[in-house]
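Remember, this note's numbering sits 5 above the position in the sequence shown when you count from 1.
Simulated from the structure, these hints should not be mistaken for laboratory data.
All C-beta atoms, glycine included, are put in the ideal place defined by N, C-alpha and C.
Just so you know, not all the hints are guaranteed correct.
Subject to a maximum C-alpha distance of 16 Å in a straight line, what follows is the list of computed EDC-like cross-link-like pairs (lysine to aspartate or glutamate) [as the list claims (entries may be wrong)]: (1) K595 - E626; (2) K528 - E559; (3) K528 - E506; (4) K595 - E625; (5) K528 - E482.
So the derived label-pair ranges between C-beta atoms look like this [to be verified]: (6) L360 - R596: 55 to 61 Å; (7) R328 - S479: 25 to 31 Å; (8) S608 - R367: 55 to 61 Å; (9) A628 - E565: 28 to 34 Å; (10) E565 - D92: 19 to 25 Å; (11) V359 - R89: 29 to 35 Å; (12) I62 - I202: 37 to 43 Å; (13) Q459 - R367: 41 to 47 Å; (14) E626 - A603: 41 to 47 Å; (15) E626 - G515: 27 to 33 Å; (16) E488 - T569: 27 to 33 Å.
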Amino acid sequence: MDRERLDRWLELGILAVVAVALVFGPTALGGVRPQEFAGLQVLMAAGLILWVARLWIARSFHLHWSPICWFVVAFLLYALAWYRFADVEYVARLELSRILLYGWFFLLVLNNLHRQESIQVLVAVTLAVATALSLYALYQFITGSNQVFAFIRPTAFKGRGSGTFICPNHLAGYLEMLLPVALAILVLSRRRALARIFSAYAALMAFVGLCVSISRGGYLAGGLALIFMAGVLVLKYRGYRKVVLLGVLVLVVLGGIIAYNGDYIQKRFRLALVPGQLQSIWGRPDLWASAARMWLDSPWVGVGPGHFDVRFPEYRPETLQTRPYWVHNDYLNILTDWGLLGFGLLGGAGVCLVLGGLRAWRYVRREGDGLTAKPSDRAALVLGTGTGLLAIALHSFVDFNLQIPANAMLAVLLAAILTSHLRFTSNRYWLNPGLAGRLLLSVLALASAAWFGQQAVQRWQEARWLARSEKAGSFEEQIAALEAAARVEPRNGDLAARLGEAWRRASWEGGPNWQPAAETALKWFEQAMRLNPWDTFAMLRGAMTLDWLGRHDEAGRLFERVGTLDPNNHYVALLRGWHELQIGNWAEAKRWLERSLAIKWYSNWLAHNYLNVANQRLAEEAARSRPPAAPAP
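Build the full structure now, drawing on both the sequences and the hints.
If you want it as structure tokens, here you go:
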């Protein structure tokens, strides 16, 4: 087999790997869980190995190296450096895995799949996935199903379509990126009738899927993006004005029909501005304010990769008693995690993407005479991908879609496709790496592939043992599974805390071995606190264990420490009140329990019960200290 043919087969292999990743990511719950993300890492490793083979087999291999690539590489290096100094190594490593995967995915697609045939295959694959997800979401919406395969979604999502994502907002983020692509191909492409019919059907189903997701951010971002796209078509392609206006009218009418017949859609919008309601939007500004304060405490480099969730308790507002995981604003999330330096690097990449897209658009939308615009596949892809990226950029102001691997990879794919069209504007974006460049790229790619493979195996094994622990039929089986997971991943503080909690519960059940079990629990909680010095759960449970062992002074000091790390948590105040009850300090117990109820008066029955105990003990003390009544004359 000659080198050209082998190179072509390697290119097709990379195309297959990328296509499988684009199918697997969204259909595997968005690739959020470690075991599904491990599959994406394996695919990325395979793609990098094939790329290295192409580097040495192709007679002449040039890199597509536009300005955005410098910012991508700079951010990857920054992420690697920050990881070495992060407070919680395990959390930072998981975040680094995602960042490296997205960066390599961008470079892999940009430098290997820039042929129009390859791009058309990838677009067709993503549109087919979007169609399938939309049909599933429509089924969930019509039947009221609250399941994704065998998984039960949170009750808050009932009545909304989410496809194979758990959260409907993430389905909206996925579809809003692809809806403009399908519409642009339908309007501007010169493909055959069958391909245009497929694009029309994909656009229709993506629109329906977006509607039944009932994502207010998705509606706003998708709507503004489509208005932008319609404006471009009307201004630049005057012959399409009637078609565009008719298409907008059809989408508006269809959306109105769905909303009119969807009681839950109307209810969700009516309650959007009502404080205290599940559908209220007022919780997010409080969360954003907390994130802003966190960023201001470390403005240049942020608190660490993926560390917003780790550090959030210290900045928690009283109005937010749940665990948010992310900021629900991707821009603020970048600032808190990576600081101004990281935000500047990603912002520079964004500016290069926009400027490159505008430059490519000026070239691909004109005829050979350079004076008039005409339909073309290239123009359709530039307009469609650019509008899709605009939609996700707008949605990212109010949600965390880019924290979902499937959505982030789709956004990276669209960015790579858009950037690849710069090759039509100039030859200066092609770079001959030379022997030294190929050696350097090969070493980096193979090292990353090996790391992806090792991390994938580790994540899969850890997840497998954790799943076994949840299904364990006895305490011994649960402990054995958790300890096996801890041997696989000894740096996971949450896992150590889970082991400590299992031993604590066993100790609190009593029995002759209650004290050794409590001591074992305490050792695991201490391990969790060493791995994550901000883990308030391990501290709380460790303090409770100390109280159980009669070491009240040590427990008090640990409760004080938790109080400084999570001062506005009703549960922290509740357990501090419980601690004061253990040592007979009724007045302090009353103060802390009232504090817990002041933060959260609803669904806080333990605080009510303990407060009744404290009040009863205070009343008994008052009765004992009262002087006896004088005898009657």
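Hint check results:
1. K595 - E626: OK: K595 and E626 at ~14 Å, within 16 Å.
2. K528 - E559: 14 Å, holds
3. K528 - E506: 11 Å, holds
4. K595 - E625: Given that 16 Å is the threshold and the Cα spacing comes to 14 Å, the pair holds.
5. K528 - E482: Answer violated: K528 to E482 is near 20 Å, above 16 Å.
6. L360 - R596: 55 to 61 Å: Between L360 and R596, where Cβ atoms are some 59 Å apart, the hint holds.
7. R328 - S479: 25 to 31 Å: 29 Å, holds
8. S608 - R367: 55 to 61 Å: 58 Å, holds
9. A628 - E565: 28 to 34 Å: 32 Å, holds
10. E565 - D92: 19 to 25 Å: 21 Å, holds
11. V359 - R89: 29 to 35 Å: Taking Cβ atoms as reference, V359 and R89 lie about 32 Å apart, which means the hint holds.
12. I62 - I202: 37 to 43 Å: Holds, at about 39 Å.
13. Q459 - R367: 41 to 47 Å: Cβ of Q459 to Cβ of R367: about 45 Å, so the range 41 to 47 Å holds.
14. E626 - A603: 41 to 47 Å: At roughly 24 Å between Cβ atoms, A603 and E626 fall outside 41 to 47 Å, so the hint is violated.
15. E626 - G515: 27 to 33 Å: Cβ of E626 to Cβ of G515: about 30 Å, so the range 27 to 33 Å holds.
16. E488 - T569: 27 to 33 Å: Holds: the Cβ-Cβ distance is about 32 Å, inside 27 to 33 Å.
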